[in-house]
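Asks: Sequence:
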Amino acid sequence: MLHHITLYVWILIQVLIGYNLLLPLILFFFYKISGLLKKPSLEIQSNKEIDYAIIVTAYEQTDFIPSAVSSILKLNYKKFLVYIVADKCDVSNLHFNNERVILLRPEETLASNTRSHFYAIKHFKREHTHLTIIDSDNLVDNKYLDELNKYFNMGFSAVQGIRKAKNLNTNLAALDAARDLYYHFYDGKVLFNLGSSATLSGSGMAFTIGLFRDCLENKEIQGAGFDKVLQYAIVKRKQRIAFAEKAIVYDEKTSASDQLIKQRSRWINTWFKYFSNGFKLIIMGLKNFNLNQFLFGFILLRPPLFIFLILSLICLIVNVFINPFITIIWVSSFICFFVGFGLALFQKDTDLRIYKALINIPEFIFLQVLSLLKIKSANKISVATKHLHKKYPED
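By our numbering, the letter at position 331 of the sequence shown is numbered 331, and the numbering carries on one by one without gaps.
Hints in this document: simulated from the structure, not taken from any laboratory.
Values in this document were obtained by computation on a predicted structure and should not be read as measured data.
Accuracy of the hints is not assured; some may be wrong.
[Stated by the list, open to error] With a straight-line Cα cutoff of 30 Å, these simulated DSS-like cross-link-like pairs (lysine-lysine) come out:
(1) Lys78 x Lys236
(2) Lys164 x Lys236
(3) Lys32 x Lys143
(4) Lys374 x Lys150
(5) Lys164 x Lys287
(6) Lys88 x Lys32
(7) Lys374 x Lys164
[Unchecked claim] Label-pair restraints from in silico Cβ distances:
(8) Ile314 x Thr350: 25 to 35 Å
(9) Glu108 x Pro303: 33 to 43 Å
(10) Asn97 x Asp63: 44 to 54 Å
(11) Asp51 x Asn288: 29 to 39 Å
(12) Val9 x Phe325: 48 to 58 Å
(13) Ile359 x Lys48: 43 to 53 Å
(14) Phe272 x Tyr19: 17 to 27 Å
(15) Leu370 x Met154: 35 to 45 Å
(16) Ile329 x Ile33: 36 to 46 Å
(17) Asn142 x Glu107: 27 to 37 Å
For glycine and all other residues, C-beta sits at the position ideal for the given N, C-alpha and C.
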């Protein structure tokens, strides 16, 4: 009896780990099937003029803010004000001669994304209807707000844009960009087109003021992960997060190992902290017959890439000694995953440097294992990633 129980538990563990390898191709299959079916297309419901508050958050580091603001002021759409929340920053080098740029310097250290966001909201110069969040190291495409408008005018209250790499100056930066391509495709485009929601990415996202306040105003979020709390709160309310793949922000990729370790420690910590929300959404989806909640719940349960890849490799190696037939299944599952990963990269004109950097994936995974060892102190390291480079003339 004990032998049978152990065997069933071992099989269950393998299934729970291994399905993550197959999930990308499964999602891709249904994505392609749904594309062949005639579905009512999303339609513009109104053409109202939206008044944006563009919130730029910075913590300790201000080097990139002038470039970020310069790109924002070049936007085609003009009905906006920019609110820079310079938390624990020396602002003596920041000078803006444009009335649309409001520089805010909190008297006390906020050390929190949501506190910075609501600090900006409390200091709004007028009654904005929508807000969008930009990191201080981002640059925005000049059509960014125009593309967001399309989805808000379709009736959505939350929209996630796409974050493209601003720099590919190191192998780590290129691998970070490859990871983004994977998640943007499956957790953004595919998931949204299947009737669920795009996952939020921390910046390059926009909301109606009412929804943002309703979801976060009375919540105290310590450390990283406000986007995880926010996306759960939105989908819990049966609302979808639209994916605007032409609303582009250019994001600074981690280019050094110590950056990567600190950043991923925070990110991994947030997954352990909030992944249980996935179970809640799956149950809600079943009770409400809500596809958005059901699919999104499965995505929230999925561990970070490197974790389920390592666990899958361990399962494969163990089966080499105890069950060669199951080993073949594991090898096939890995092949399926690599095909799915490749499909994500092939969807766009992926920079050649990203393909060349793939050979360094083992190093990338090793650094994230080091990050895993630091998750207990993740939120004590810093609340923001400090980037080392300001210009990339070769890009």
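Asks: Does each hint hold? Answer for all of them.
Replies: To see whether the hints hold, each was checked on the structure:
no. : hint                        : in the structure
1   : Lys78 x Lys236              : 33 Å, violated
2   : Lys164 x Lys236             : 28 Å, holds
3   : Lys32 x Lys143              : 28 Å, holds
4   : Lys374 x Lys150             : 42 Å, violated
5   : Lys164 x Lys287             : 37 Å, violated
6   : Lys88 x Lys32               : 48 Å, violated
7   : Lys374 x Lys164             : 28 Å, holds
8   : Ile314 x Thr350: 25 to 35 Å : 30 Å, holds
9   : Glu108 x Pro303: 33 to 43 Å : 36 Å, holds
10  : Asn97 x Asp63: 44 to 54 Å   : 20 Å, violated
11  : Asp51 x Asn288: 29 to 39 Å  : 33 Å, holds
12  : Val9 x Phe325: 48 to 58 Å   : 19 Å, violated
13  : Ile359 x Lys48: 43 to 53 Å  : 50 Å, holds
14  : Phe272 x Tyr19: 17 to 27 Å  : 19 Å, holds
15  : Leu370 x Met154: 35 to 45 Å : 43 Å, holds
16  : Ile329 x Ile33: 36 to 46 Å  : 24 Å, violated
17  : Asn142 x Glu107: 27 to 37 Å : 35 Å, holds
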